[in-house]
Every structure is written in structure tokens, then in C-alpha cells.
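> Below, each chain spelled out in residue letters.
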Amino acid sequence: MKDVIFLTGGARSGKSAFALDCAARYGRKAFLATAEAFDEEMARRIRKHREERGASFVTIEEPLDIDRALLKLPPDIDVVVLDCLTVWLGNLMHRVGREREIGDRIERFLGVLCKPPVNMIVVTNEVGMGIVPENAMARDFRDMAGSLNRKAAAVSTEAWLLCSGLPLRLK
Amino acid sequence: MKDVIFLTGGARSGKSAFALDCAARYGRKAFLATAEAFDEEMARRIRKHREERGASFVTIEEPLDIDRALLKLPPDIDVVVLDCLTVWLGNLMHRVGREREIGDRIERFLGVLCKPPVNMIVVTNEVGMGIVPENAMARDFRDMAGSLNRKAAAVSTEAWLLCSGLPLRLK
Amino acid sequence: MKDVIFLTGGARSGKSAFALDCAARYGRKAFLATAEAFDEEMARRIRKHREERGASFVTIEEPLDIDRALLKLPPDIDVVVLDCLTVWLGNLMHRVGREREIGDRIERFLGVLCKPPVNMIVVTNEVGMGIVPENAMARDFRDMAGSLNRKAAAVSTEAWLLCSGLPLRLK
Chain A
1 MKDVIFLTGG
11 ARSGKSAFAL
21 DCAARYGRKA
31 FLATAEAFDE
41 EMARRIRKHR
51 EERGASFVTI
61 EEPLDIDRAL
71 LKLPPDIDVV
81 VLDCLTVWLG
91 NLMHRVGRER
101 EIGDRIERFL
111 GVLCKPPVNM
121 IVVTNEVGMG
131 IVPENAMARD
141 FRDMAGSLNR
151 KAAAVSTEAW
161 LLCSGLPLRL
171 K
Chain B
1 MKDVIFLTGG
11 ARSGKSAFAL
21 DCAARYGRKA
31 FLATAEAFDE
41 EMARRIRKHR
51 EERGASFVTI
61 EEPLDIDRAL
71 LKLPPDIDVV
81 VLDCLTVWLG
91 NLMHRVGRER
101 EIGDRIERFL
111 GVLCKPPVNM
121 IVVTNEVGMG
131 IVPENAMARD
141 FRDMAGSLNR
151 KAAAVSTEAW
161 LLCSGLPLRL
171 K
Chain C
1 MKDVIFLTGG
11 ARSGKSAFAL
21 DCAARYGRKA
31 FLATAEAFDE
41 EMARRIRKHR
51 EERGASFVTI
61 EEPLDIDRAL
71 LKLPPDIDVV
81 VLDCLTVWLG
91 NLMHRVGRER
101 EIGDRIERFL
111 GVLCKPPVNM
121 IVVTNEVGMG
131 IVPENAMARD
141 FRDMAGSLNR
151 KAAAVSTEAW
161 LLCSGLPLRL
171 K
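Sequence lines, in order, name chains A, B and C. Using the numbering used here, you'd call the opening residue of the first sequence number 1 and step up by one each time. Using the numbering used here, you'd call the opening residue of the second sequence number 1 and step up by one each time. Using the numbering used here, you'd call the opening residue of the third sequence number 1 and step up by one each time.
Since the hints were made in silico from the structure, they are not lab data. Quick caveat: nothing in here was measured; it's all calculated off a predicted structure. Treat the hints loosely; a few may be bogus.
Said to hold, decoys possible - Below, simulated SDA-like cross-link-like pairs (lysine to any residue); rule was C-alpha separation at most 20 Å, straight line:
1. C:K151 x C:N135
2. C:K72 x C:P116
3. C:K151 x A:F18
4. A:K151 x B:K151
5. B:K151 x C:F18
6. B:K171 x C:P116
7. C:K171 x B:L168
8. C:K171 x A:L168
9. C:K151 x A:S16
10. B:K171 x C:K171
11. C:K151 x A:V96
12. A:K151 x B:P167
13. C:K151 x A:D21
14. B:K48 x A:C114
15. C:K151 x A:H49
16. C:K171 x A:K48
17. A:K48 x C:P116
18. C:K151 x A:K151
Looking at chain A on its own, in the form it has when it is part of the complex (with noise of 0.2 Å):
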């Protein structure tokens, strides 16, 4: 039986350092980033979140097919941390678009978390406890960020809050 370990939390909340704790209970690391460098600023934040990270994760860069790179993961490893579930669903919105396709690949996500192949941290962020967006993709993205993270929570079997870099245990 694999771990699959719920992080939520605001922005700059803590939840990356984290679930580098929570991952250091674990054997062989790989981390699976979502995020795309679009700009010099993003590349350099990324190239630093790497070398924080130091040599004990292997670190994989994929911005949509997560559900491929989560079962084509080197065989060695024992714990993947997701980082993170609001980017994907971002990049899904704006480079895949059809609801339709949107909704299966979550589907096909949702079923990898049910069947995790090793142990999995799964970061996402808290966006729906704010003021209702005036844009109507932002608040469609926001219905959909808090759906999503409500179907990956309930199938994780651990969950936390992290507010204030102070985690909050949900479950």
C-alpha cells in the first residue's frame, strides 16, 4: 500500500518545503515539476528550486501528460513529489481548452492517484477562499482547482493545510 500525502495551502505558504520534509522519510526521490519557464525570472527560480533540492531527487519537467510521466518513472523510486496541481490544471486551461479533454485527463489523473506506482506528495494550492473573480476564466478556474482538489484529497490518505508555513493536518 503506497502513501499519497495531500498538500494544500496559499501562495509562499510553505507547502514545498514541506513536502520536501515529508519526503525525506523516503528512499530513492523524484520530483515532478509542472511549471514552464516562459521567462528569464522563471528559469532562474526553477534553476534554484533545483539546487535546493540537491542531488537526491531526479527531477522531471512535465507541464501537461502527468498521469505518462507518473508511470514511466525510473524503477528505483520510491516517493514522487507532484509540484504542483493548480499549475497543470493552468496549463491544461490554456494549451488544451476543451472542457471535455480537460475533464478526462483529470480523470486519467485521479486514477493514477488511486493506484499509486510508488509513494506520492501532492502539492496544489488553496485558491477559492477569496473574493469571487470579476474575469469569468478566473472563475472557472477556480470551480475547477477546487474540484480537483477536493477528488485528490479524498482518494490521498494523508492531507494537510499549510498556513503560515504552519501545516494544519485535514486528515
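With chain A held as given, fit chains B and C onto it using these hints.
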């Protein structure tokens, strides 16, 4: 002594589903919906939710006079789910407008909450954990929703924060 | 050993009221307010809050140099309520501007927090649980507030999240 169960959380955080779970502890049920169908999509969503609740709920739609609706429930009702306070507050701001009358209506509602005619499950939204909105009306709404939630939670007998579908006990 | 009690939460979530409750455990009290009155409405609110605190608090208004204000408190003070960090950060961004100097000031404040001259109750706002703001300055503010909150919470002896007026223990 009646129960007043207060449920808050972000968008799509599982509040309504948790409210229905809580309602299952009781006998004959009513659902007091504050949302109005402004367009076909909204009408479809309202119909869908009503079907999901099934025949076990009497549904009452009341966008403004919720205190009166609560006092005029059918006599055999054991629990009412009020869904939700922030939509009601939005209705008051758009359709009543005058700050003093909104304040009076909120006081009347809180009066009912202090002496509930039946067991109550009160659903609301957390809207104050994002950046300060640029729009002045959104700022007012956010402040008023925060105050209303605080006062309603203060007189509740039980309170929960939903996060990614998982409940955190507040009280 | 002094106490450092960290309080976060959304708009109108009851943080300031909880801060005053916490302060009641201590002897002679100071209130360090970072908000400035830009208009008559704001001036009225500040006066009202000061009256609510009553004569039991010495009030100090300091929008920028809070580290210096903390080190220059009257000698008989037992506890200071600092209200609040996010308003202070907003003041720094508007009036200091240069990122490096803001960073230096934050480091000086965190230095005081690590060796507090009196017991401290530090109020801040959770601003990172909504949708990513479209405005670049709002995004920067959100990121900086998240980092500041995380660092301040890390050196606190006790931490709470307020939600609908109800406290959740973080630490």
C-alpha cells in the same frame, strides 16, 4: 435545545455535500436556497442540485426574507439547510442597497439563529483570505461577509471549515 | 523567556478582538498600530478602535520603523500588540519601494522578534488563498506577505489562524 451547525469554506470546497451529510442525522428536512436563477445555466445547476437532494428535502427558494422563511417552515420539519449566507448578503447588497436596512435584516436573521425554530445547518463562504480587492463594492462585501460570518459562528453550537472537501472543526 | 503570539486570518475574521483577549493575560499593555489615517473615515475607525481598547493600552502609531518602536517601548510595558504586519508591508512597498531596503527592514524586525524586548502579540493577514491577482504589484505583495508571515510564524512561540471569529491552533 436546537443545533446550529455553521459551515464555511472556499469555492467548491465541499460545503454543500458536508451540509447534506450533517442533515442526514435528522428527521424531516428542508432546504432554504438563497440563490436565484438569472440565466439558463444557473437554472440548470439549481435543478441539478434539487435532484441530487432528492425527495427527502422540501426546497424553499428565498433570496431576501430568510428570517421570515425560517419562521414559516412547515411544522413537521426537523432540520433546515440554509445555503448560503454570502449569496443572501450579495442579494441584499444588490436589491436592498441601503446599509441600514441591510443591517436590520442581518440583525433579524441573527435573532432567529439565537432562538432557532428547528435544527439549522448554515452554509457560508470564506471570502476574506485573498488580496484586498481593488473594487470598493467588493471590499465592502468582503468586510460585511466577514462580520456576518463571525456573528453567525459566535451563536452556533458547532462550526467547521471545509478545505479540499475535508472538514476542520472550529467549534 | 518572552511569548511571541502570532495571529493570522482573513478580513474581519476576529484577529484584533482575539489579540486583545490574548493581551488580557498580561500586565501593562501597548498597542503598536501600523495603519495611517489617509481620510476622515479611516481616522474615525482608528479613533473608534482606540476607544474600544480603552485606557488600559498605551497606543503608539508607527507606519514604518516598527523595529525601532519596539525597542523604544516605555520600560514598564509587559505586552505589545503589533497590528498588523501586512499593513506595515504595504506601507514599506508604497513609501520605501526599494526591494533591498524592504528586505533589510524585514530582517531587522525578525531580529527583534527573535529576541523580543517584551511579550508580543503579532497580528497579520492571510492574503494568499484567493486566485492569483492580475496586477503585478498585488502579486509581489502577496508573495512578500506570505514569506513574511512564514518567517514570523517560524520564530513565534504560539500561532493561531482565525476563521469566522474562531481560533484554530497552528503551533
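> Is C:K171 within 20 Å of A:L168, Cα to Cα?
Holds: C:K171 and A:L168 sit about 9 Å apart, inside 20 Å.
> Quick one, are B:K171 and C:K171 close enough, alpha carbons at most 20 Å?
Distance of about 18 Å is within 20 Å: holds.
> Checking one constraint from the list: CA of C:K151 to CA of A:F18, max 20 Å. Satisfied?
holds, 14 Å
> Given the hint that B:K171 pairs with C:P116, does the C-alpha gap stay at or below 20 Å?
Cα-Cα ~32 Å, so violated.
> Would the pair C:K171 and A:K48 pass a check requiring their Cα atoms to be no farther apart than 20 Å?
violated, 29 Å
> Tell me if the straight-line CA distance from A:K151 to B:K151 falls inside 20 Å.
violated, 31 Å
> With the threshold set at 20 Å, check whether the alpha-carbon distance from C:K151 to A:K151 stays at or below it.
Distance ~31 Å between C:K151 and A:K151 Cα, so the pair is violated.
> Keeping to a limit of 20 Å between CA atoms, is the pair of A:K151 and B:P167 held or broken?
holds, 14 Å
> For a C-alpha distance cap of 20 Å, please report whether C:K151 and A:H49 respect it.
holds, 18 Å
> Holds or violated: C:K151 and A:D21, Cα atoms, limit 20 Å.
holds, 17 Å
> Hint check: C:K171 vs B:L168, CA-CA at most 20 Å. Holds or violated?
holds, 16 Å
> For the pair supplied as a hint, C:K151 and A:V96, is the alpha-carbon distance within the 20 Å limit?
Roughly 38 Å separates the two Cα atoms, so the pair is violated.
Hints 1, 4, 6, 11, 14, 16, 17 and 18 from the list above are not met by this structure, while the remaining hints are.
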